[in-house]
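Trainee: Below are the chains, spelled out letter by letter.
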Amino acid sequence: MSDLAKVQEWMATLLRHERALPLDAVVREDASRHIAGNDRLTPAEQLEIYREQFWLRHTASLVEDFPGLSGILGQEDWERLVEGYLGEVAPTSWSLRDLGDRLPAYVERCDWLEHHELAVDMARLEWRYIEIFDAKDASRLEAARVAAVPQEAWRNARMRVAPAVAFLDVRYPVVELRRKLRMASKNPVPIPERQPAHLVLHRGSDHNLRYTEVSAVESALLRLLHQGEPLLPACEAVAERFPDDTAVIQASIGRWFHEWARREWIVDVESL
Amino acid sequence: MGEEYSPAMHAPRLGQPDLGVGIGLRVPHYPAIFRRRPKVDFFEVISENFMVGGGKPRHHLDRVLENYPVVLHGVSMGIGGPSPPSREYLNELRDLVRYTKAAWVTDHLCFSGARGVHLHDLLPLPFAEEAVRVVVERARAVQDHLEVPFALENTSSYLTFTASTMAEWDFVSEIVERADIGILFDVNNVYVNAYNHGFDPFEFVRAIPHERIVQVHVAGHTNLGKYIVDTHRGPVIEPVWDLYRETIELAGPVSTIVEWDDEIPPLDVVLAEAERARGIRDDALGVRESSVRGIPEERRVPLLARETLPDDDRPWIQGGPRDAAFDEISTRSE
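The listed protein sequences derive, respectively, from chains A and B.
Per the numbering used here, residue 16 is the first one in the first sequence, and the count goes up by one each step.
Per the numbering used here, residue 85 is the first one in the second sequence, and the count goes up by one each step.
It is worth saying that the hints were derived from the structure and are not from the lab.
Hints should not be assumed to be uniformly reliable.
[Said to hold, decoys possible] Stretch-level coverage of chain B by chain A, calculated; a stretch enters the list once three of its residues show a Cβ under 8 Å from a Cβ in chain A:
1. 125–137
2. 198–204
3. 213–220
4. 242–249
We put the beta carbon where it would ideally sit given N, CA and C, even for glycine.
Can you make the complete structure from the sequences, with help from the hints?
Mentor: See below:
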């Protein structure tokens, strides 16, 4: 490794330290070897400017992207969570947008959190929002495209779900809670009761984010279609999983498809 | 054997157009920009904010592109780091260049992390031959890859390395000459570094190859007494305008951007700052024409005599806030 790379690795490692660098005698000694310092700041103090900024910048970015999660946790637990996350999960993407990509999984492991399940739901919701917010655009499914699919081809037709659609099962009404937390000034927002739901999160062609609560059956079918399962096998798999709802699936599939296309969840049909 | 052809020998700004005076495109200004379509010569956009699939960021970019030229300014390339910029990053950047038809692309003379960790900061490099060699090789490759002229910005810094063997201006000059790339000359960064590291900022301004300056940045900063932080907060201070004036006198008409990234004021305030830049630029070009150059010594403000502020505990993030996911709309499944 070159001398330049060695200094850079040394510096990059130190900047993620959780404690102030000038307090550490070893760091002070190393810093004085690599950094010049001046009559106003010691080498370690100069390095400390960057370390402080690492934490301020990344914490601010996470607060901006996860207002619901930080609102649930409160200052003390949020700081502990972020310190742990940034300490354990180093940022690897060139974009700050991706900083929270592993936060939902990290929150899952943090069972010390007071409202743990709620926090997990909120972290998942907020990361999904980030994902669909700037996902690829897709054109609306045209009626002519649907009409061009031969009747006999529908059984094995594959639906293409829009890139800006995400599916999320939650145990708490986190969408509503997030909105309240973002709007609340100093008034406390009560923790809601459990209220499991299957959500479809979607960015429309107007670029606004939408959420729609769907039934467990509809959610399961959409997920299979999203995974590339052809229409009939997907319906059969869902019917097997929800045997009491077989008639519902048969009766609703046409109407559902129409709705999914209208809502721009389904943007193409590929007939084999 | 004759000297190799270099555009720098023949044309100012490496032959790039003078786009006039513009401002950095920032999210809080979108409503005013789209409603009023203000008179701005061009916008500088933060590349990474638009290297996404679609949605609002690209929609907003499209609306800007309908009415204004843009140039791209990156904050994440980390060209001097232990590893070269990733191919994936460069491919996405090239896609954005083609999409925006940007005349040139800029990033910073810095590193941003190591061992796969990205610190999202503009970390300084030692001013030494090894760093020159590393950056020169990569800058050439980046310029070839992007298929448009590439320029590096002199970066603000809060430390210098014991391994440095040359002045910052020599470091910058050596790199841009050997890589045959442009300079995005940030005169505020010159001021910040002159204060933080104790040198004459005018020496920096005079020493760099002026024909390689394709763009200039002016911005505010935050003086904490012991050091200045390049926050891009607040108006440009007089000594920085002096450096800008001197730069234009030496380099001629160069595309200029006003950056304002923190405590972002209403658009009109930033536009007024751009008009200030335009006025100074026009004056400096007039002086340049008359060949009477230089800022009188008595007009210069001593570097260490600036107002000091209390400790700053806010992050500085180049480019201001990102477009972000906020309000969601409920719809009912039918």
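Trainee: Look at each hint and say if it fits the structure.
Mentor: Hints, one by one, checked against the model:
Coverage of the stretch 125–137 of chain B by chain A holds in this model, with 4 residues showing a Cβ closer than 8 Å to a Cβ of that chain against a need of three. Counting residues of the stretch 198–204 of chain B whose beta carbon lies closer than 8 Å to any beta carbon of chain A gives 7, which reaches the threshold of three, so the coverage claim holds. With 3 residues having a Cβ less than 8 Å from any Cβ of chain A, the stretch 213–220 of chain B passes the three-residue criterion, so the hint holds. With 7 residues carrying a beta carbon less than 8 Å from a beta carbon of chain A, the stretch 242–249 of chain B meets the three-residue requirement, and the given coverage holds.
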